[in-house]
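Assemble the complex: chain A is given as a structure, and chain B must be docked to it using the hints.
Protein chains: 2
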Amino acid sequence: METESFSHLFPTMVPSTPDVGDPRMTFSFPEPVNQGIDYVIVIRYPITKPSVAKAQQLQDNVIQAMDQLMSKLQKAGLFYKVKQGQEKGTLLVLVGCSYGRLAKQFQHEKVQDFLLGVNVDDSELGDLHDKARLAELSEADRLRLVHDILTLPANQGGADISPHVDPFVESIFPLHNDATDDEWIRSWSKKWLITNADLDILRAAFGEKIAFYFAFLQSYLVWLTVPTVLGVLVHVISDRSLVSWYALAILIWGVVYTEAWKRKQIDLAAAWQVRHCSKHERRRAAFQGETTVRDLITGEEMPFVPYWKIILRRGLSVPGVAVGAFLLWIIVTCVFILQLFLHEYYSGPFKTALHYAPTLGYSLLIPVMSKLYSQWVRVLTNWEMHKTETSWDSAYTKKIFIANFLVSYLSLFFIAWVYIPFGDHVLPFLTTMNISHEHKKVDFQRLQDQLVYFVVTGQVLGFLTEMLVPYLLAKLPNKIWTDKKQNQVTDPFIKKVYKEVAMDEYNIYTDYVEMIIQFGYVSMFSVVWPLTALCCQLNNWIELRSDAIKICKYTRRPIPARVENIGPWLDNMETIVWLSSITMASFLYLFHPSTDLHSIYTPVSTLLAILLSEHLYVLVRFAVQAAFSAFPERAELMMKRNMYLLKQRWMDRVSRSNPVLLKRLDASAQDPLHRVWKDDLDNSGESERAAQWIRQDFKLE
Amino acid sequence: METESFSHLFPTMVPSTPDVGDPRMTFSFPEPVNQGIDYVIVIRYPITKPSVAKAQQLQDNVIQAMDQLMSKLQKAGLFYKVKQGQEKGTLLVLVGCSYGRLAKQFQHEKVQDFLLGVNVDDSELGDLHDKARLAELSEADRLRLVHDILTLPANQGGADISPHVDPFVESIFPLHNDATDDEWIRSWSKKWLITNADLDILRAAFGEKIAFYFAFLQSYLVWLTVPTVLGVLVHVISDRSLVSWYALAILIWGVVYTEAWKRKQIDLAAAWQVRHCSKHERRRAAFQGETTVRDLITGEEMPFVPYWKIILRRGLSVPGVAVGAFLLWIIVTCVFILQLFLHEYYSGPFKTALHYAPTLGYSLLIPVMSKLYSQWVRVLTNWEMHKTETSWDSAYTKKIFIANFLVSYLSLFFIAWVYIPFGDHVLPFLTTMNISHEHKKVDFQRLQDQLVYFVVTGQVLGFLTEMLVPYLLAKLPNKIWTDKKQNQVTDPFIKKVYKEVAMDEYNIYTDYVEMIIQFGYVSMFSVVWPLTALCCQLNNWIELRSDAIKICKYTRRPIPARVENIGPWLDNMETIVWLSSITMASFLYLFHPSTDLHSIYTPVSTLLAILLSEHLYVLVRFAVQAAFSAFPERAELMMKRNMYLLKQRWMDRVSRSNPVLLKRLDASAQDPLHRVWKDDLDNSGESERAAQWIRQDFKLE
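Protein sequences, first through last, are from chains A and B.
Numbers 583 to 1283, taken from this note's numbering, label the letters of the first sequence in order.
Numbers 583 to 1283, taken from this note's numbering, label the letters of the second sequence in order.
Worth flagging that the hints you see were computed from the coordinates, not collected in a lab.
Every residue gets a Cβ at the ideal spot worked out from N, C-alpha and C, and that includes glycine.
You may find that some hints are simply not true.
[Stated by the list, open to error] Which bits of chain A does chain B cover? Going by a derived footprint, with three or more residues having C-beta under 8 Å, they are:
#1 617-631
#2 638-648
#3 661-670
#4 675-689
#5 888-898
#6 1181-1192
#7 1254-1267
[What the hints assert, rightly or not] Residues from chain B shown here face chain A by an in silico Cβ test under 10 Å; the list is partial:
#8 Ile629
#9 Leu697
#10 Trp774
#11 Arg896
#12 Leu1190
#13 Lys1222
Next up, chain A with everything else stripped away, as it sits in the complex (with noise of 0.2 Å):
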């Protein structure tokens, strides 16, 4: 009875139980990589022993801890089996997941996401079971689903492990896959661009995440192209550098760029079947309330923290990055200020000695120092008690870009507003205080060394650092904590998992600060030396591929994880695009030749010059996003196309699925409507009526 009633709905659907002898049966799984382990779980316990009571006490409680997590494992239906991990105090939990666990996960998923409107075709929704899918699955998303049945918590299933939460659980980690990593390095190594096509396979691979990250290092790269070709236009055919149709274009490359990406990540979310796929909202494990509540959403218990306490510790928070901030912004200044006086005034003693004392400063001090502040603002933020991975990760990622903001542009506003405007006053001091100095002119070529400094050196330091340094030290035999280790293995796969558990974890940050700060250096100060672009499109050609070598070769392989754009750093683009009105305008008055940089009006004047130019920029962005919104979206046009197909499958169904009724329902006695109108229903009059009025009206006759 029931099932009449909605079945119509989906004729499309086929049996849910293949049988041998189904056509979708012919058909194989792929093999196994890596002997069908998917996650590594790394437990770390200390070993040190204060006394032999405490030892006993923690070592039953690791004893106690594996157990749990075996048997966690166990409830969630994966394989797992234990092995020593290479250090002392290390084991290791190699995890694999069968098909049929993987089917329910993934049958989950799909429903979610057909309500979510992350997919919109039902038909997929007729065929949960079919093992053909489940055969074709990437191994991103394979490794994905795993991922979630790891840590979602029980009452969905999972195993909710997830470390730093559960006890002694350092880290989960999924295998690289050497066969795909390798044949990846190679053929990007040899093509010049990077196709729609190559983002694919990497998305197979490492998921969307990565994938997107790739995308934009790419179309990044691409656009770049625009203030290249005119920052050496600029260069060829201009005495000076500084050129206001030059600023003018940046700015407008800058709106047009930000506004073109907004575009492609909308594509790719689409062509990626991940649109709307941020709206799977996942509890962060490390969210532990005070209390338990029944959640309004879901009904169950869920840990609770009042609102206003959440909110206080968001507030509190912001002083907190602002003493971060601070802190790291003096010393940047200091570092910065010795250097300016090193090599601007002084002359005495040690002159070259000391001259390379700020370098030092600036290699070794700063590094450590917002290394330092990114810990902190990491305590920060998750002290701020988020609920959602997303929103942790779009509050941490402002903290970390203010830092890098501060480290990256801080001396060249001091040397622009600062240094240039008022430079000169310092001089007389220095003689009262008999520093023996010698006067160098204090001008705009200041502050271009200083850029080239930051784009040049700067960018060729950070290749190092990134892709020479890891290099050398895997090759170094590293002796250092040869002592905790033990068992050297001769099972090469053994092997293969310890040198990947030794390996740090792939940390995405710092992959798109690098991207987003040179994008500032290219929008804000380009105009100070035409040069920039270039210098960073072919840093970025080289970026592309060693990020590819570091990810494969020098960190754990990445969880795969979906997302459906770059989240929080396009909104610092933004930030970056509104404030390069602002300092090119200042930039251009400042240091143009008629300028009086010691008048008392041009603070002044620099100011309306600033006010005039965010005006542009707001004028600029609002005529290139009505431009933009003028031309229809491919991704939504897709999208809207399904749902109509959809639709349409609906309608007809439930139309088709009874016009008996609804000629019974017409026809119906209860139907006042019928009642009032009986006297009238018959219409075949109602045509001649008309015609005799109208024919009144014009009396022809």
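What follows is chain B alone, placed relative to chain A:
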């Protein structure tokens, strides 16, 4: 077989053929109002006859058109009858709809709503023919669905009739329900505040579009309390009216209010179950392409115009609007300058007589001109070839807003930024041209007077023209076109129909624009006269009620429409808040006692004040938005909750449906994972092995 496959997803479904004995049959449809007539189609044709042949020709066209119209109605399955109009050359087609036909449209909408996420409750789908739900349909919903049937294209089962597109079809409108109308007016005239319950009643009668207008009006009325109180406070305690803390408060108030309204309208949309309803994109019938092409989405032959042409037209219509606005601007300025001259300088003959000339200009010339303007931009907007009603709407709204902006604010800007700073420079010219004049001190007072004129006189005049005039017109026996009139009917119902045919259509734009412009007086100018908000609040308390009367008594019943927000008006409000940061800053600086209006630096420093104030605005806006986003949206939670429940239902059914299969797949010999793991499937020893290794590490024994 096929029914097997998916029915398990929908156990909640009930048999879709209600029969006698079915519990859901124990109900009765409401009695039809207006003799079961939902819509009146007004047919109007010219009856002046240049020549008999032409008249003959025309007459035949009309008759043919009528036949076509009626066959369309027939095909769509609607009831109809034709009546003579009150005036010569008019016919009325009275349209009704049976519940059977309604049910079909209703079920289509339900399916579409579910797929578009307007409605996430699939149980509703189970039961598309539940007559009880049909019987519970509000009048507004009923009329909306019938209007859909009237206007939808034939391939979607509609009659595809639309005014000005079908020949001689002048208009289509629904009939008032006098009983509910009177009830509404009675109840609102009795109470001080309009509650959500009142809005629900309103919505049931007139649909969401009207309900949203009144909801907005109501919330605005309430929020005005803040500036009212502050304003009175300033008026009492401060001797000067320009108070900076008041200005700041107003800026913050403006931002907070717009954000709060955004939140509010989402909540309303959720409560009224119209969220995402804007995704129903309805093609404008008036959009006639040059060619027809297969539509990318529907795959049907659709009218098509190449994009470049549309963009071209949109582009060209900008100067079109500009010209119109410019002419309007000229006129407003002339009238205003004349007024200034006569009031402030002139002391020659006929002074008193001439004194009133400008007022005439304001109350006659300018309204006429702005009417012309709005007709002009209507033409332009049609010329822009918008495909959907929504996009037409927002394009038209923007243009309308510009005109009202000019008329309402221009003279204030002129006084504040031109007349007061430079007004005294005029006197010498007057002397040289020996026009007899008296020197009045040009000062801030003049600005205040003008504002008071707009806020007090203007609004009173507005009220009179809006209410009193139509009231009187209704009272007067209008003898104007009695010649055209024919058959003085006695049937009271036909009388009622004639009365409503004679009415104007309700124009929601004018009502919105009135409120938004008023919002501008409060946020941009009230710093000049702090009692502004008080007057506006009083006015709006009346406005709320007079608008209700207007809709019921003096205009045709509006066609019910679903909307999920107030659309483009919100953008206009945000623009105004931004501008208020400019105006208030400039006023505060310019009219500060310490400011020398005639210093050459004043303009520059004013600009700086504006620059700072604008950034303050951006900052405040950012902070407020962050604060709002910190609190969860109730509507959002509701939505997620329903989505979650839906998901759970489907999930449960999916997994319940075939545990057997999963088992089989699990144990399947084909599953290569089982092969590679076969030696490790028994984990009984694992726990002990792990424990041993751990003990080894601790070496306690």
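We went through each hint and held it up to the structure:
| no. | hint | verdict |
| --- | --- | --- |
| 1 | 617-631 | holds (count 5) |
| 2 | 638-648 | holds (count 6) |
| 3 | 661-670 | holds (count 6) |
| 4 | 675-689 | holds (count 9) |
| 5 | 888-898 | holds (count 4) |
| 6 | 1181-1192 | holds (count 5) |
| 7 | 1254-1267 | holds (count 8) |
| 8 | Ile629 | holds, 5 Å |
| 9 | Leu697 | holds, 5 Å |
| 10 | Trp774 | violated, 33 Å |
| 11 | Arg896 | holds, 7 Å |
| 12 | Leu1190 | holds, 6 Å |
| 13 | Lys1222 | holds, 5 Å |
The structure shown violates just one earlier hint, number 10.
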